[in-house]
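Following the hints, put chain B in place on chain A, whose structure we already have.
Number of protein chains: 2
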Amino acid sequence: MENFEFYVPTRIVFGKKTEEKIGEILKKDGIKKVLFVYGRESIKKIGLYNRVVNSLKEAGIEFVEHSGVKSNPVLSHTKEGIKKAKENQVSAILAVGGGSAIDEGKTIAVGAKTEKDIWKFFKREEVIEDALPIYTILTLAATGSEMNGFAVITNEETKEKLNISSIYIFPRVSILNPELTYTVSSQYQAYASVDVIAHIIEYYFTCKVCPNLSNRISESLIKTVMETTETILKDPRNYNARAEFMWASTLALNGLTRTGVGGGLFPNHLIAHALGGIYDLPHGACLSIVIPAWMQWYKDENKPQFERFAKEIFGVSSAEEGIKALTDWFKKIGAPVSLKEVNISENEIPNIAENGYNIAKVQGIENIYSKEVIEEILKKAL
Amino acid sequence: MENFEFYVPTRIVFGKKTEEKIGEILKKDGIKKVLFVYGRESIKKIGLYNRVVNSLKEAGIEFVEHSGVKSNPVLSHTKEGIKKAKENQVSAILAVGGGSAIDEGKTIAVGAKTEKDIWKFFKREEVIEDALPIYTILTLAATGSEMNGFAVITNEETKEKLNISSIYIFPRVSILNPELTYTVSSQYQAYASVDVIAHIIEYYFTCKVCPNLSNRISESLIKTVMETTETILKDPRNYNARAEFMWASTLALNGLTRTGVGGGLFPNHLIAHALGGIYDLPHGACLSIVIPAWMQWYKDENKPQFERFAKEIFGVSSAEEGIKALTDWFKKIGAPVSLKEVNISENEIPNIAENGYNIAKVQGIENIYSKEVIEEILKKAL
Chain A
1 MENFEFYVPT
11 RIVFGKKTEE
21 KIGEILKKDG
31 IKKVLFVYGR
41 ESIKKIGLYN
51 RVVNSLKEAG
61 IEFVEHSGVK
71 SNPVLSHTKE
81 GIKKAKENQV
91 SAILAVGGGS
101 AIDEGKTIAV
111 GAKTEKDIWK
121 FFKREEVIED
131 ALPIYTILTL
141 AATGSEMNGF
151 AVITNEETKE
161 KLNISSIYIF
171 PRVSILNPEL
181 TYTVSSQYQA
191 YASVDVIAHI
201 IEYYFTCKVC
211 PNLSNRISES
221 LIKTVMETTE
231 TILKDPRNYN
241 ARAEFMWAST
251 LALNGLTRTG
261 VGGGLFPNHL
271 IAHALGGIYD
281 LPHGACLSIV
291 IPAWMQWYKD
301 ENKPQFERFA
311 KEIFGVSSAE
321 EGIKALTDWF
331 KKIGAPVSLK
341 EVNISENEIP
351 NIAENGYNIA
361 KVQGIENIYS
371 KEVIEEILKK
381 AL
Chain B
1 MENFEFYVPT
11 RIVFGKKTEE
21 KIGEILKKDG
31 IKKVLFVYGR
41 ESIKKIGLYN
51 RVVNSLKEAG
61 IEFVEHSGVK
71 SNPVLSHTKE
81 GIKKAKENQV
91 SAILAVGGGS
101 AIDEGKTIAV
111 GAKTEKDIWK
121 FFKREEVIED
131 ALPIYTILTL
141 AATGSEMNGF
151 AVITNEETKE
161 KLNISSIYIF
171 PRVSILNPEL
181 TYTVSSQYQA
191 YASVDVIAHI
201 IEYYFTCKVC
211 PNLSNRISES
221 LIKTVMETTE
231 TILKDPRNYN
241 ARAEFMWAST
251 LALNGLTRTG
261 VGGGLFPNHL
271 IAHALGGIYD
281 LPHGACLSIV
291 IPAWMQWYKD
301 ENKPQFERFA
311 KEIFGVSSAE
321 EGIKALTDWF
331 KKIGAPVSLK
341 EVNISENEIP
351 NIAENGYNIA
361 KVQGIENIYS
371 KEVIEEILKK
381 AL
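One line per chain: the protein sequences are A and B, in this order. Each step along the first sequence adds one to the number in our numbering, with nothing skipped, and position 364 is 364. Each step along the second sequence adds one to the number in our numbering, with nothing skipped, and position 188 is 188.
Possibly wrong hints are sitting among the right ones.
No distinction is drawn between identical chains; accordingly, a pair holds when it is met within one copy or between any pair of copies.
To be verified - Calculated cross-link-like contacts (lysine to aspartate or glutamate; reagent style DMTMM-like; alpha-carbon spacing at most 25 angstroms): (1) Lys299 <-> Glu372; (2) Lys331 <-> Glu348; (3) Lys21 <-> Glu129; (4) Lys331 <-> Glu307; (5) Lys27 <-> Glu5; (6) Lys116 <-> Glu312; (7) Lys32 <-> Glu87; (8) Lys16 <-> Glu2; (9) Lys17 <-> Glu307; (10) Lys32 <-> Glu5; (11) Lys33 <-> Asp328; (12) Lys159 <-> Glu115.
If you are wondering where the hints come from, they were derived from the structure by calculation, not from laboratory data. Because the structure is a prediction, the values reported are computed rather than measured.
So here's chain A without its partners, still in its complex pose:
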């Protein structure tokens, strides 16, 4: 095992009706006024908006609304949120929604505490040194943002989709009620499942050393994601399946699966972000297109791990068969596995690869993920 640090200071409040506790939780923490960050109508449709507002009012918590977060949250809207947070002198962020609302909320939390241009933190030209406390209520299990220190934002002007990473943006408390995910559609559930699997296999396949313990935990999570996804697609209101999927999704990217593996890159996300920055495609769809291609391209770099994956997850014996089985599973749940399915043709690849190369440069891995390499991988995804 490689040396590591593990620190996950988010308190998870998990289960039925837990969203009703939000007011009381904020009050106990001495919070008086929050910026209430959310997307559009969906939290109103399921009655969540009212329950949150009632809980805040009962606890005497003031709030300023910042709605209209997009599903790939954008810089301009985030900047509006920062302005609002400053003008209204809120003492915390309350993000209600999926990874998008939470990521925008985290970014606003950073922006509210600095006079610097927020995009510089994404370009890694500035280091995060403070943020407002962040509270979340999750309505879509996928990104893991509710229990980690990452946030992804798209700069619409430059088409860059970049992330920040800091201990200061771990939510202080995240409320996870699986019932709030009952209305996630089959299509979005499929994308969410792909995203969670991606979070796990990024480290699983790019590990420098690959301890049995981390492997076993990763495989436990993947098996749970696959099993619960199949149940959810058949029976969307199955509480136990929604609950196990939700918790697996949180554990998939809170650092647990990464402990001791050393190294560990996020290449599938890199290329998926390159795609998602240009085309307004769901993140999970970008991933299901990229993953089989990347696996084909990478498999000989860590053959024992690909063979282990094939055997443990699908009961097949070769790396090739494992990749095929995962691709088939993506198809089965309704996720696209080729660029063709989303109407992207070969002549668009150089442009996507250029975008990917720019992300690789920000991450300092452009020596591995050059423009040519990304093109090569994307061609396998045609």
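Using the frame of chain A, we list chain B on its own:
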């Protein structure tokens, strides 16, 4: 899944030479003076004492020593530590050792912040409302105390072995260097392995609902513990085995395996503590004696889980065979599996059961673990 809260605010610094960072870590946290809690000579023999002292001195951290912690830490020595912490106005506890040093350190951290009789917190007559910050350097992986909010102390006068549980006694930082466990003897490694397995199976078998995800994580940890124990017993300086064992041991009792299971008792520990309170036996030995007997007694209460355990861990098909396989494995690693092996005879059982019943009363589970029931279980351990 049942509703749950999960909050583990301990920062883990894991790997080679990490103990050398202790001074710098304390300094960064603004700590000026610590009570340095440890056992006897063992940390001096391996050179750890000097490395810690040098690191503290380099960082300008003052320290007051409190050595002589026993392997089942006792109340009288803990009280001396509390007195020392108060007199010297230390601002934190630094516990260096195994679970005993950490548990005594945690208790001192509570005692230093109150004028109340410390034993009342163990009797659950008082509630913990504050504690000094706790830092640990682990030298024996077993109890999980380095990343949880529990501490166990023995009252020598009353023979009670009781625990406290509080969010305030999670260590702020725990340093885990697997190399520091190279000198743990085969015998103590075996006891440690039993203890870790016990932590996992307590919840695994007494779960109210038993989610596949929690089951898979528990099984991942058990498999890792068994595999690494066998390697360590053959090759005590195998870094990877020591490392995976150490991290599995920490994860086994930080709340992860318990998420969503609901209920969850600690009956094997209850009876083992009843034994350990009277006889000065290693905690792991008490557990390896109690577990097979308790499993026999309990198996029909949660048959699917016992069958699952048999299949997943040992590849056998019945609950009975699973219990036998675990008992055989305890024997194989050199842990006792009967009272006879530690020279305790049938006529001593009522006295142990009486002690166990008193612990059950403190825990509020005397309706399940009556004196008669504990006697019945202990008779199966003859």
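**Asked** When no copy is specified for lysine 331 and glutamate 307, does a C-alpha distance of 25 angstroms or less occur within a copy, between copies, both, or neither?
**Response** For lysine 331 and glutamate 307, the Cα distance is within 25 angstroms only inside one copy (21 angstroms; across copies 35 angstroms).
**Prompt:** When no copy is named, should lysine 299 and glutamate 372 be tagged within, between, both, or neither for a Cα gap of at most 25 angstroms?
**Reply:** This pair counts as within: shortest intra-copy Cα distance 18 angstroms, inter-copy 60 angstroms.
**Prompt:** How do lysine 17 and glutamate 307 come out at 25 angstroms by Cα distance, when the copy is not named: within, between, both, or neither?
**Reply:** neither (43 angstroms within a copy, 34 angstroms between copies)
**Item:** Same-copy or cross-copy closeness of lysine 32 to glutamate 5 [CA-CA at most 25 angstroms]
**Value:** For lysine 32 and glutamate 5, only the inter-copy Cα distance (24 angstroms) is at most 25 angstroms; the intra-copy one is 33 angstroms.
**Item:** Intra/inter-copy verdict for lysine 159 and glutamate 115 if alpha-carbon distance must be at most 25 angstroms
**Value:** within (24 angstroms within a copy, 61 angstroms between copies)
**Request:** Using 25 angstroms as the alpha carbon limit, work out where lysine 331 and glutamate 348 are close: within a copy, between copies, both or neither.
**Result:** within (23 angstroms within a copy, 65 angstroms between copies)
**Message:** If the cut is 25 angstroms between Cα atoms, do lysine 27 and glutamate 5 qualify within a copy, between copies, both or neither?
**Reply:** Cα proximity of lysine 27 and glutamate 5: across copies only (18 angstroms, versus 31 angstroms in one copy).
**Item:** Within, between, both or neither, where lysine 21 and glutamate 129 count as close if Cα-Cα is 25 angstroms or less
**Value:** between (30 angstroms within a copy, 22 angstroms between copies)
**Asked** Within a copy, between copies, both or neither: where do lysine 32 and glutamate 87 come within 25 angstroms Cα-Cα?
**Response** within (15 angstroms within a copy, 39 angstroms between copies)
**Item:** Within, between, both or neither, where lysine 16 and glutamate 2 count as close if Cα-Cα is 25 angstroms or less
**Value:** between (39 angstroms within a copy, 9 angstroms between copies)
**Asked** When no copy is named, should lysine 33 and aspartate 328 be tagged within, between, both, or neither for a Cα gap of at most 25 angstroms?
**Response** neither (49 angstroms within a copy, 60 angstroms between copies)
**Request:** Measure nothing new, just compare the shortest in-copy and cross-copy C-alpha distances for lysine 116 and glutamate 312 to 25 angstroms and report within, between, both or neither.
**Result:** Classified as neither; 48 angstroms inside a copy, 54 angstroms across copies.
In terms of the numbered hints stated before, the structure departs from hints 6, 9, 11, listed from lowest to highest.
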